[in-house]
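2 protein chains.
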Amino acid sequence: MVGEATETEMNECHELDASTAATLIRRGELSSQALVVACLARIDARERELGAWQFLAREQALEQAREADVREARGPLHGVPIAVKDVFDTFDMPTTLGSPIYTNRQPRWDAACVAAARAAGAIPLGKTVTTEFASYHPGKTRNPHDVSRTPGGSSSGSAAAIADFMAPLAFGTQTAASVTRPAAFCGVIGYKATFGELPLSGVRPLAQSLDTLGIFARSVADVALLRDVLLGADPSPLPASTTPPRLGVCRTSSWPLAEPVMRDALQAAVARLLHAGAIVDEIELPDAFCAVTDAQQVIMTYETARNYVFEMTQRPDDLSASFRAICEAGMRIERTTYLDALRRVAEAERMLPDAMRDCDALVTPATRGEAPPIEAGTGDPVMSRMWTALGTPTLALPVPRTGGALPLAVQLVANRHADPRLLEIGAWATVALGRAV
Amino acid sequence: MVGEATETEMNECHELDASTAATLIRRGELSSQALVVACLARIDARERELGAWQFLAREQALEQAREADVREARGPLHGVPIAVKDVFDTFDMPTTLGSPIYTNRQPRWDAACVAAARAAGAIPLGKTVTTEFASYHPGKTRNPHDVSRTPGGSSSGSAAAIADFMAPLAFGTQTAASVTRPAAFCGVIGYKATFGELPLSGVRPLAQSLDTLGIFARSVADVALLRDVLLGADPSPLPASTTPPRLGVCRTSSWPLAEPVMRDALQAAVARLLHAGAIVDEIELPDAFCAVTDAQQVIMTYETARNYVFEMTQRPDDLSASFRAICEAGMRIERTTYLDALRRVAEAERMLPDAMRDCDALVTPATRGEAPPIEAGTGDPVMSRMWTALGTPTLALPVPRTGGALPLAVQLVANRHADPRLLEIGAWATVALGRAV
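Listed in order, the protein sequences are those of chains R and W. This note's numbering applies: residue 501 is where the first sequence begins, and numbers increase by one. This note's numbering applies: residue 501 is where the second sequence begins, and numbers increase by one.
Simulated from the structure, these hints should not be mistaken for laboratory data. Honestly, I wouldn't trust all of these hints.
Here are the simulated SDA-like cross-link-like pairs (lysine to any residue), alpha carbons at most 25 Å apart as the crow flies [what the hints assert, rightly or not]:
(1) W/K640 with R/R608
(2) W/K640 with W/R548
(3) R/K640 with R/D880
(4) W/K640 with W/R868
(5) R/K640 with R/A545
(6) R/K640 with W/R608
Cβ-Cβ distance ranges computed for the label pairs, FRET-style [to be verified]:
(7) W/P853 with R/P853: 13 to 23 Å
(8) W/P786 with R/R815: 48 to 58 Å
(9) R/V537 with W/Q814: 20 to 30 Å
(10) W/S753 with R/R835: 26 to 36 Å
(11) R/E563 with W/A825: 28 to 38 Å
According to the in silico footprint, chain W covers these stretches of chain R (three or more CB under 8 Å from chain W) [unchecked claim]:
(12) 600–613
(13) 802–809
We put the beta carbon where it would ideally sit given N, CA and C, even for glycine.
Please work from the sequences and hints to get the whole structure.
Shown next, in the form of structure tokens:
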């Protein structure tokens with residue numbers, strides 16, 4: 501992989517994944533400056549059309565790249581550019597949360613994940629577009645595969661930037677489907693961590709029982725690398741799966757909402773996974789899981805309303821009508837309804853390990869179908885709500901499409917805290933599915 | 501209660517609890533201005549000695565009080581002053597988190613709880629002293645009952661301000677014992693909510709699996725009132741307990757650490773509760789609970805380290821040596837050790853409802869003993885670590901002491917989300933124990 505990559509160093513190095521780029525930089529075969537220049541050139545060429553960036557730290561990133569090139573490596577991401585969703589505080593860049601209320605808001609600290617990436621040598625290129633407060637009201641970003649389509653939300657800019665080779669790595673957050681859906685619509689890898697495991701310090705909560713850190717990348721190895729950095733662990737290459745994984749095809753009670761293209765794509769993906777040696781079973785979840793998707797929506801709406809009291813009471817006119825409507829609806833939800841939703845989620849959560857006892861990961865649709873037209877919003881989060889509520893790690897993996905079709909993805913799901921195994925399976929599945937990106 | 505209180509209106513209204521003050525203001529029998537003036541006068545008289553405040557919004561609070569007096573009531577806290585721990589963001593006051601790194605840091609928003617209190621008519625008087633990042637390194641605050649003693653931490657200023665009648669209500673946070681311990685040491689009521697139920701938006705995380713909102717007050721009714729405000733619920737007076745509560749005296753595996761004064765105080769409190777009609781049993785928790793206190797410490801240290809990467813990498817010299825040591829220790833904790841700690845907590849959590857099936861609340865020590873000398877730090881959090889980890893709501897209730905003895909408190913504990921019942925029992929127990937504050 502590294503061998504091939506060096507050939508593209510001069511002209512196409514922005515297409516390298518982060519692991520490869522970091523290796524080449526460490527070996528002196530690629531300069532951080534060349535990489536940052538290439539990413540910025542790509543952004544210059546495409547940004548007007550895509551609108552992936554809320555803020556670009558051009559000069560600062562170039563300076564940091566030049567410094568990186570003359571300094572000893574600081575860590576495993578030395579000299580590698582990274583894109584940061586504009587909900588993560590950054591001490592040297594504004595953080596607006598996609599709201600006009602916070603134009604030019606300048607935090608005094610870095611979100612913990614940004615600080616950890618920097619400490620490992622990464623160079624933040626800028627802040628990527630988020631929907632308003634990582635909720636539903638869309639930003640300016642368009643889908644790189646078809647600018648008439650949504651990139652998905654809320655991590656719209658991060659997914660688009662990775663898909664369009666503007667940066668190799670990006671941070672996102674997910675409360676309903678804000679990593680999985682844009683990753684799927686943009687055709688990149690989207691990893692949502694186990695709830696609570698990766699730090700969200702420096703990120704304003706949307707719904708505290710659901711908010712989760714996510715990573716966008718073009719290889720599963722990159723996800724694993726950045727995850728190790730955030731955990732303060734020594735990066736270790738993903739172990740190659742020696743035995744094929746046991747997978748459970750899980751259609752969930754939302755399956756009737758899957759469009760024919762998605763059903764076909766799942767079918768085709770399963771055929772390839774089987775062909776590559778996976779043991780694949782059908783997994784039907786107990787009835788208790790049927791309630792989880794609706795419960796997620798109750799929890800999210802209830803908590804969002806109570807987290808955004810300042811804006812609702814002091815700046816209501818600067819909120820989108822849809823965000824105001826969510827907060828109003830959330831305030832009308834009774835506590836008993838909220839507690840019932842939490843109880844339903846907890847009940848299903850307790851049953852999941854047993855339901856998954858015969859498989860290492862579930863395979864399920866990442867979205868209902870392809871990215872909808874941009875006028876229709878950021879797409880339906882229904883296929884991810886359940887997994888966010890259950891706190892399971894998930895990995896959106898693009899599946900092969902033929903000639904010009906828009907991206908589609910399957911979603912791999914593992915038990916809570918089985919993130920390392922999920923990434924291992926993800927790396928295996930990427931090869932099995934027959935494409936990197 | 502209201503009848504009595506009106507007599508004190510002119511000269512001692514700063515000693516009123518918030519519910520009484522709000523009622524008097526609503527009836528036109530007390531002005532918000534008089535109340536705020538009285539609180540500020542109390543602060544002027546005592547602050548030099550106690551050091552409860554990080555920032556005082558004197559003129560602004562007075563102006564808001566004058567406005568409140570000529571305007572229709574906004575909500576159930578109309579015209580009532582409130583104290584805010586300096587970890588909660590405030591759009592009109594600096595928020596330093598007790599760290600010199602963030603001197604003069606001015607957020608652009610209010611923490612959700614502050615916004616909700618304001619929307620209900622409350623007037624923030626200022627920001628109260630916190631230990632550094634709500635961890636262990638103490639601020640300047642002294643115990644109002646004996647200035648040679650610690651007020652406890654981390655919500656040091658909030659507890660001291662309530663105890664010293666500088667404000668009737670205060671916000672705090674708890675990750676180990678940061679509400680229970682200062683409440684106990686200062687002789688006020690300290691409520692820690694069920695984990696996750698009350699919004700921490702606008703509060704930088706210390707340890708995301710543990711951080712919980714808390715309220716300091718001089719009556720349980722005030723806790724219930726502010727809690728309703730935060731939930732966006734119509735405030736309803738605490739129902740009077742018609743049947744005496746079933747209480748479980750729970751010594752926990754930390755009992756050997758309780759000092760003789762605490763053992764005696766618990767014994768005496770139980771005698772009074774029994775005398776008042778409570779059904780009291782001894783509850784011995786299953787062995788699984790023995791591991792929870794240590795597990796809490798592992799989780800807290802592990803997560804703190806990963807949330808404070810920015811400060812550790814960019815401003816290490818501006819951190820206390822003890823905070824740096826915590827972050828260094830946390831980074832050395834392996835993920836497997838952390839996951840094992842989470843697993844142990846989850847196991848005990850699952851067993852708690854059954855262990856408590858015959859009682860409405862547990863009664864357990866709030867601290868090991870009285871407030872230690874100020875040189876010794878903010879006191880041992882050991883008696884609260886378990887309950888914070890389990891996510892249960894807790895209520896520290898002062899117990900009667902004789903002639904000049906320092907405050908001591910018992911801690912009532914209920915099942916997750918049984919907060920309303922806990923407060924109801926707390927109100928009953930306050931009467932049974934024979935003192936308000």
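A quick look at each hint next to the structure:
1. W/K640 with R/R608: It holds: about 24 Å lies between the C-alpha atoms, which stays within 25 Å.
2. W/K640 with W/R548: 10 Å, holds
3. R/K640 with R/D880: 18 Å, holds
4. W/K640 with W/R868: 23 Å, holds
5. R/K640 with R/A545: Distance of about 17 Å is within 25 Å: holds.
6. R/K640 with W/R608: 24 Å, holds
7. W/P853 with R/P853: 13 to 23 Å: Check passed, 20 Å falls within 13 to 23 Å.
8. W/P786 with R/R815: 48 to 58 Å: Because 50 Å falls inside the window, the suggested range holds.
9. R/V537 with W/Q814: 20 to 30 Å: For R/V537 and W/Q814 the Cβ distance comes to about 26 Å; the hint holds.
10. W/S753 with R/R835: 26 to 36 Å: Between W/S753 and R/R835, where Cβ atoms are some 33 Å apart, the hint holds.
11. R/E563 with W/A825: 28 to 38 Å: 34 Å, holds
12. 600–613: Result for this restraint: holds, n = 8.
13. 802–809: With 6 residues in contact (Cβ-Cβ under 8 Å with chain W), the coverage given for the region 802–809 of chain R holds.
Hint check: no violations occur; every hint is consistent with the structure.
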